[in-house]
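Protein chains: 2
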Amino acid sequence: MYTYVKVKSPATLANFGPGYDVFGIALEKPYDIVELEITDGKSTIKNVNYDLPTAIERNVASYAAMQIFDRFSKGINFKMTVTKGVRPASGMGSSGASSVGGALCAEKVLGRDSDEEVIMAAAQGEWISSGHAHADNVAPCYLGGFTSIVSLKPFNIFKIMPDGLKVVAVLPDVRVSTKEARKILPRSVPMEDAVHNVSMSSYVIYSLMRGEYSNLRVALEDKLSIPYRKKLLPGYEDAKRAAMENGAVAFSLGGSGPTVFAIVEDDGINVARSIKDAFMEKGIDSKDYITKVGSGAEILSLE
Amino acid sequence: MYTYVKVKSPATLANFGPGYDVFGIALEKPYDIVELEITDGKSTIKNVNYDLPTAIERNVASYAAMQIFDRFSKGINFKMTVTKGVRPASGMGSSGASSVGGALCAEKVLGRDSDEEVIMAAAQGEWISSGHAHADNVAPCYLGGFTSIVSLKPFNIFKIMPDGLKVVAVLPDVRVSTKEARKILPRSVPMEDAVHNVSMSSYVIYSLMRGEYSNLRVALEDKLSIPYRKKLLPGYEDAKRAAMENGAVAFSLGGSGPTVFAIVEDDGINVARSIKDAFMEKGIDSKDYITKVGSGAEILSLE
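Top line first, the protein sequences correspond to chains D and E.
Counting from 28, one number per residue, gives the positions in the first sequence under our numbering.
Counting from 28, one number per residue, gives the positions in the second sequence under our numbering.
Calculated from the structure, these hints are not laboratory results.
Heads up, a few of these hints could be off.
As the list claims (entries may be wrong) - Quick partial rundown of chain E residues pointing at chain D, CB under 8 Å, derived from the structure:
id : residue
1  : Val49
2  : Ile176
3  : Ala221
Where is the CB? At the ideal position from N, CA and C, for every residue including glycine.
Starting from the given sequences, assemble the full structure and let the hints guide the process.
Spelled out as structure tokens, the structure:
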């Protein structure tokens, strides 16, 4: 048993093209820093950079940590600080990063080491923010690389490490609520669209396992969620066209948006600028992250 | 330019669980033998073992061959013989085997060597039998192993060779028309079923590429076609239960059926018998093939 732990938990892009609710990829940046200290006093949660819930049962990071404590060491009190690097409601897995950070802090401070325990607790944390316990952000955030959910019960997630995959993520200064973005999706979809995504998601796996990243130009094309969700994001098609014209390999939406991302083979500078310019033409400011696939959550300190 | 060619083209199992219209796998047996001889007389087609069309524009094998001749060497006449080893309307890619056999004979007799030409001509041959030009049988029949269709135009198919994968296929003595089996499918499907198949088809690719065949127990579970099509095949669920209780790794339907198949790790004898027994309890006789993934079409003679 330890008394202090500090972890880093990165942004993620869920869905990764055709893998709605299934695929996700970890980025190197941005990331959250979560610290937990065991205390004799009352449990508290402090948020840095964004105004987020300060009740421990309503904050995703502390809620996720409590899933671990309640299961393995009931009655522990803690002081938690979440320094947000990932903007909330960004489509970059902000709540997932905080959930993983919280759950991982609890797991480590107890001296435990189970992937399943951390991911399942963090998936519960996601429930707080989206009304839906899901792991398509928390799995890559924790494990790193690219992940695909086979099932949560039983726990079955596989990981591929697409070494060196270069990603440009651009976060426009608009808000898309995950709940709203789920509501806009139809309950049923044309069979041919389902077949399309079966084919493309299979091609994603094949291409990532073989390191054939240029295939993603075709493989990332989605028909299950983006055709509906892109309506929530003015400028999506313009940004895609601009990115592809400037040498992007592929372009898609991060989770439910508004973050968009491109896969690139060059330094990504032109692609990032062209996407930002496209949003600016709609009067939308944006922030770009020229980054790579990341190795997942990391323990920075454990005392 | 040659004057005589003889090829062997194997049975295939399309869909392979969650990959409706996308996946397919080649078997070692059964197979068709297709022979073609250039002639000065009129083109003819002869079928051995089954009563199939004898008009060259209506027989899948000769029609597929004509796609190649019409494109590259118009006016050639041929005598073709198709010795059927794959029962028509079996769900084992019977028309696909004949189409590939016909197209490959034409390609080879002309001294040509293009995967795309053979597969596209054979896919056209499929149109004759099913009213739908598709490649989920002809691609594995020609290329061998496991194949996944990304798109036909542009031509983009990938192959995985799951070495040593053992398959028990059982063909019940009932008929299922491919056209009927397509009609029974709904035009739209629940989003959650589409997401399920995206997840499972991804897991199929991952598992085959890593040689983790035991994963197929989970990964072959389909929600897009089998839940509808199994109604056309009395005894499907009984046969599945019997196979799994007797040690099968996974169980599914070949194409639109009636062939069912199991993945096995042992010699497959008990699994084959248990499936046959299950059908027999419904009063249905059946034939079993204890076989393996195959290496695709083969040229037996070229003169």
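Comparing the hints with the structure gives:
no. : hint   : in the structure
1   : Val49  : holds, 5 Å
2   : Ile176 : holds, 6 Å
3   : Ala221 : holds, 4 Å
Every hint, counting from the list given before, is met by this structure.
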